[in-house]
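The whole structure should be built from the sequences, with the hints applied where relevant.
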Amino acid sequence: MDLRPRLTLAMIIYIARRLTQGVVVLLAVSLICFIIFRYAGDPVVTLAGRYATLQEREMVRKAFGLDRPFYIQYTRFIANAAQGNFGKSFVSRVPAFGLIIERFPATVELATSAIFISFVLGVGLGVLVSLKPYALRNRFIMAGSLFNISMPTFLTGILLIMVFAVYLKVLPPFGRGETVTIGFWRTGFLTWSGITHLILPAFTLGMYQLAVLLRLTRAGMREVLTEEYIKTAWAKGLPPMKVIFKHALRNALIPVVTMTGLQFGELIAFSIITETIFQWPGMGNLLLTSIYESDQPVIVTYIMLAALIILSLNIIVDILYAYLNPKIRYD
Amino acid sequence: MKRISVLLLLGIFMGTLLSLTGQAIGASSIVVAVDTPPRTMNPHGSDADANLSVMANFFEGLLQRKAPEGNLFPALAVRYEHPDLLTWKLYLRKGVRFHNGNPFTAEDVKFSFERLSNPDVSEFINTGKSIASIDIVDDYTVVIKTKDPIPWFANNLHQIYMMDKESTEARDPGEAEVKPIGTGAYKLVEWVKGSYVKMKANEDYWEGPPLIKNVELRPITESSTRFAALASAQVELVSGVPVELYEKVLENPKLDVITRPARRSIFLALGNKPGSPWKDIRVRKAMYMAINEDEIIEKIMRGHAAPAAQVPDPPTIGYNPEIKRLAYNPELARKLLKEAGYERGFEITLSGPNDRYVQDEKIAEAVAKYLAKVGIKAKLDVKPKSIFFPQVARGELEFYLIGWFDGTFDMGRTYFKLAHSRDAVRGFGGLNGTNFSDPTIDTLLEPTGSIVDREKRKKVLQDLNKMAMMDKIVWIPLHYQQDIYAVQKGKGIKFQPRPDRWIVFKEISK
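Protein chains in written order, with my numbering: chain W, 339 to 669; chain X, -1 to 508.
Since the hints were made in silico from the structure, they are not lab data.
Glycine included, every Cβ here is placed at the ideal spot set by N, Cα and C.
Hints are not guaranteed to be accurate.
When the alpha-carbon atoms are kept at most 25 angstroms apart in a straight line, the in silico DSS-like pairs for lysine-lysine are as follows [stated by the list, open to error]: (1) X:K271 <-> X:K470; (2) X:K198 <-> W:K507; (3) X:K252 <-> W:K507; (4) X:K145 <-> W:K400; (5) W:K507 <-> X:K108; (6) X:K367 <-> X:K277; (7) X:K456 <-> X:K322; (8) X:K457 <-> X:K470; (9) X:K487 <-> X:K198; (10) X:K196 <-> X:K492; (11) X:K211 <-> X:K177; (12) X:K322 <-> W:K507; (13) X:K336 <-> X:K371; (14) X:K492 <-> X:K470; (15) W:K580 <-> W:K569; (16) W:K400 <-> X:K127; (17) X:K108 <-> X:K177; (18) X:K143 <-> X:K92.
Here are the simulated distance ranges between beta carbons [unchecked claim]: (19) W:P578 <-> X:D353: 52 to 62 angstroms; (20) X:R77 <-> W:T525: 27 to 37 angstroms; (21) X:K177 <-> W:I370: 32 to 42 angstroms; (22) W:E396 <-> X:D202: 41 to 51 angstroms; (23) W:I520 <-> X:K177: 13 to 23 angstroms; (24) W:R414 <-> X:D353: 25 to 35 angstroms; (25) W:T525 <-> X:K367: 50 to 60 angstroms.
A few chain W residues facing chain X, derived, Cβ under 7 angstroms [claimed, not checked]: (26) Y389; (27) A390; (28) S632.
Structure (structure tokens):
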């Protein structure tokens, strides 16, 4: 039997189906958030100003097309969105999409660093723990990871700020530090100040994932380590590093990698709390401000974008998975 | 053991390395953290004080208000005349230039005022629509006529900022939202949304160059992070210190606290729907007397508030020192309720925002508890401001907590907006969220619109205020908030808070 991955007809159909599903989900998401945020506040009150009279408010409502029936507003939004026009922010009166994209690099850099930290530490500690599960040190690590999972991000962030910024004064408590702009991308990776500013928020954001990846690696490793071929490897007298990393970890890593990929999208989309605590100028921070000010176009665009990112990553992971593991059937 | 000491050493090494990177803030520079990020750099794009505060550094109005009392001074207009009820003749300052070098003239004034009524770029629709005509007499004289008499017109001129006609028309409208060109004491260097606004001194400023040359304004919305930024010397001045952190700031030997009675008063608006128990003045008095405001100030506001007996603050025209609070007296409240036939109490919904004023939700909870003690069942309905304020604007509520201060220092506008019966045609009662309606107040209020003489106006509004607060109990006043700022000690920062909470950097020195 030939087990080499191949692009078959079944696979193409599978991909097409996943893509169609994706579009339907996106439409559903847009409809739901359109409905929710239409009833969560009336932007006209802010848009017209505090002292506007009732008539002046109606005039503004008309000017922004908010007096039209719901279905017209929605279809107009979808038609425009299909052409890449997501409307103007009610608050800053510039295109909503631009506002979000401007914040995109900050969030991506934060999420990437967080996932990097949690992957390296999570897998590293996971392997360590799996080798001697009952050692006292490893029991501490496991208990610590449980603590990580249960601790709210908000608290982690504040505690880290208090310890490292206020008492030890070694790391800055907020913001992105100095940034360098390359094209449209404003990066904090290239300056020392940028990197020091990244450490605390990245740890805070990655903390939960770290614990999840640690536990996943440990479980996987413990299972693999009991397999016959590992015993054979030990029996052959291979060096421990080779047995652990080459033979065992490689096989234990598949679910870990899948998980990492899926989590990445969520980190990008929902780093709201971390970004708010650290005043990180990313998309999550913008979303929260926009919700406070009922800036509908920004909220809806953001959620659509987040849904798009998560969906794409899901589809990519699924396809890769299917591609890598020929045992997966596409029905 | 060995490994641990290596780790420790590494940690210390990293620590010193990192701490070396924290640069000191220069003597002619200042870094300030504020609680609300600016929304736009379009001076007419937001009427929120948080935004007007930032704009005041780039732009100027025809008049200006100065710290510490917020009195009016000339700015881009050197003086004005008010020959009749509808006419305002303004004499402009000569020789002022915009940041791009264009001279400031009457054309710019006309352009800026006309821009106010365009909903695409302005939140000052009301001011824009109230103007009938703007005539240019010569390059430095403008005559503005309003549709109706507006006694507080001049009081509002400090927040109507002047834009450069030529560049605003030439530029893309989107660019005017992010790159300000004004006549103010500072020029924008860079605005990274959510991160900072950097400004540098305008050396050609007509009042003379400001003392602080470089300003970095950092919005930090989370109050504990704002405190951490100050405690770790990353910023030198913060606004909006929460009452819970006040003690912490006081304890810190490196920080100083600056407080100022705020202009904003917090009060309860109570409807008077015919047939409702609270239409009865005895019930209104009972509800007033049931609330232990001293305890609210002590326990919830932690002492950072002053009891209020009325809505306007002392410098506002119409503030009446004769108005006194009804003393806390639950027994009398119960007696009054009994007299009114509500011995067994009644139900009422108490609404309010939970993200707008200092401790807003906790105050509302306390009020509900006090009312319960006299038998009134107040159902709590607190929600985010983005949902709450539209309900106020639509007049859907029966009883709610709200805060207010009038930027014009004139109570007339406030009363028209908050207490006059809702009247869509004449534009009254736009924020009368309970649909409160009292013909006596309406008839007394309406003629005040055309009283311009300051003393006469003061007298009439004081009488009206007294009647509304003592005879009608239009609102149940609670307290005036306190603004709390904190600065780094020993940096020589001279900062006087303003009544409007704006931070105007030309007024700060170091």
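Going down the list of hints, with the structure as the test:
The straight-line distance between the Cα atoms of K271 (chain X) and K470 (chain X) is roughly 14 angstroms, inside the 25 angstroms bound, and the hint therefore holds. Restraint check for K198 (chain X) and K507 (chain W): not satisfied, since their Cα atoms lie roughly 29 angstroms apart, outside the 25 angstroms limit. Of the pairs offered as hints, the one joining K252 (chain X) and K507 (chain W) holds, with about 14 angstroms between alpha carbons and a cut-off of 25 angstroms not exceeded. As the CA atoms of K145 (chain X) and K400 (chain W) are separated by approximately 23 angstroms, the hinted pair is consistent with the 25 angstroms bound.
Between K507 (chain W) and K108 (chain X), the direct Cα distance comes to roughly 53 angstroms. Violation of the 25 angstroms bound is thereby established for this hinted pair. Taking the CA atoms of K367 (chain X) and K277 (chain X), the gap is near 21 angstroms; set against the 25 angstroms cutoff, the hint holds. Between K456 (chain X) and K322 (chain X) the CA atoms are separated by roughly 18 angstroms; this keeps the pair inside 25 angstroms, and the hint holds. Between K457 (chain X) and K470 (chain X), the direct Cα distance comes to roughly 19 angstroms. Compliance with the 25 angstroms bound is thereby established for this hinted pair.
A threshold of 25 angstroms between alpha carbons decides the hint, and for K487 (chain X) with K198 (chain X) the separation of about 24 angstroms falls inside it, so the pair holds. Note on K196 (chain X) and K492 (chain X): the hinted pairing holds, with a Cα-Cα distance of about 20 angstroms set against a maximum of 25 angstroms. At roughly 19 angstroms between alpha-carbon atoms, K211 (chain X) and K177 (chain X) fall within 25 angstroms of each other, so this suggested pair holds. Using a Cα cut-off of 25 angstroms, the hinted pair K322 (chain X) and K507 (chain W) is violated, with the two alpha carbons roughly 50 angstroms apart.
In summary, the hint linking K336 (chain X) to K371 (chain X) is supported, as the alpha carbons are separated by about 14 angstroms, within the 25 angstroms threshold. For the hint pairing K492 (chain X) with K470 (chain X), the CA-to-CA distance comes to about 45 angstroms; that exceeds 25 angstroms, so the pair is violated. Distance restraint check for K580 (chain W) and K569 (chain W): the Cα-Cα separation of roughly 13 angstroms lies within the 25 angstroms cut-off, and the hinted pair is therefore satisfied. Proposed proximity of K400 (chain W) and K127 (chain X) is supported: the alpha carbons are some 16 angstroms apart, at most 25 angstroms.
Annotation: proposed proximity of K108 (chain X) to K177 (chain X) holds, straight-line Cα distance about 21 angstroms (limit 25 angstroms). About 22 angstroms separates the Cα atoms of K143 (chain X) and K92 (chain X), which keeps this hinted pair within 25 angstroms; it holds. Between P578 (chain W) and D353 (chain X) the beta carbons are some 57 angstroms apart, a value that agrees with the proposed interval 52 to 62 angstroms. Between R77 (chain X) and T525 (chain W) the C-beta distance comes to about 53 angstroms, which lies outside the given range of 27 to 37 angstroms.
A hinted range of 32 to 42 angstroms holds for the C-beta pair K177 (chain X) and I370 (chain W), which are about 37 angstroms apart. Look at E396 (chain W) against D202 (chain X): about 44 angstroms separates their beta carbons, and that is inside 41 to 51 angstroms. A C-beta distance of roughly 22 angstroms is found between I520 (chain W) and K177 (chain X), which places it inside the suggested range of 13 to 23 angstroms. Judged by the Cβ atoms, the range 25 to 35 angstroms given for R414 (chain W) and D353 (chain X) holds: they are separated by roughly 31 angstroms.
Checked against the given bound of 50 to 60 angstroms, the beta carbons of T525 (chain W) and K367 (chain X), roughly 53 angstroms apart, stay inside it. Annotation: Y389 (chain W) was flagged as interfacial toward chain X, and the flag holds, the nearest CB pair being 4 angstroms apart, inside 7 angstroms. A least Cβ separation of about 5 angstroms between A390 (chain W) and chain X falls short of the 7 angstroms threshold, and the interface hint therefore holds. Because the beta carbon of S632 (chain W) sits about 4 angstroms from the nearest beta carbon in chain X, less than 7 angstroms, this interface hint is met.
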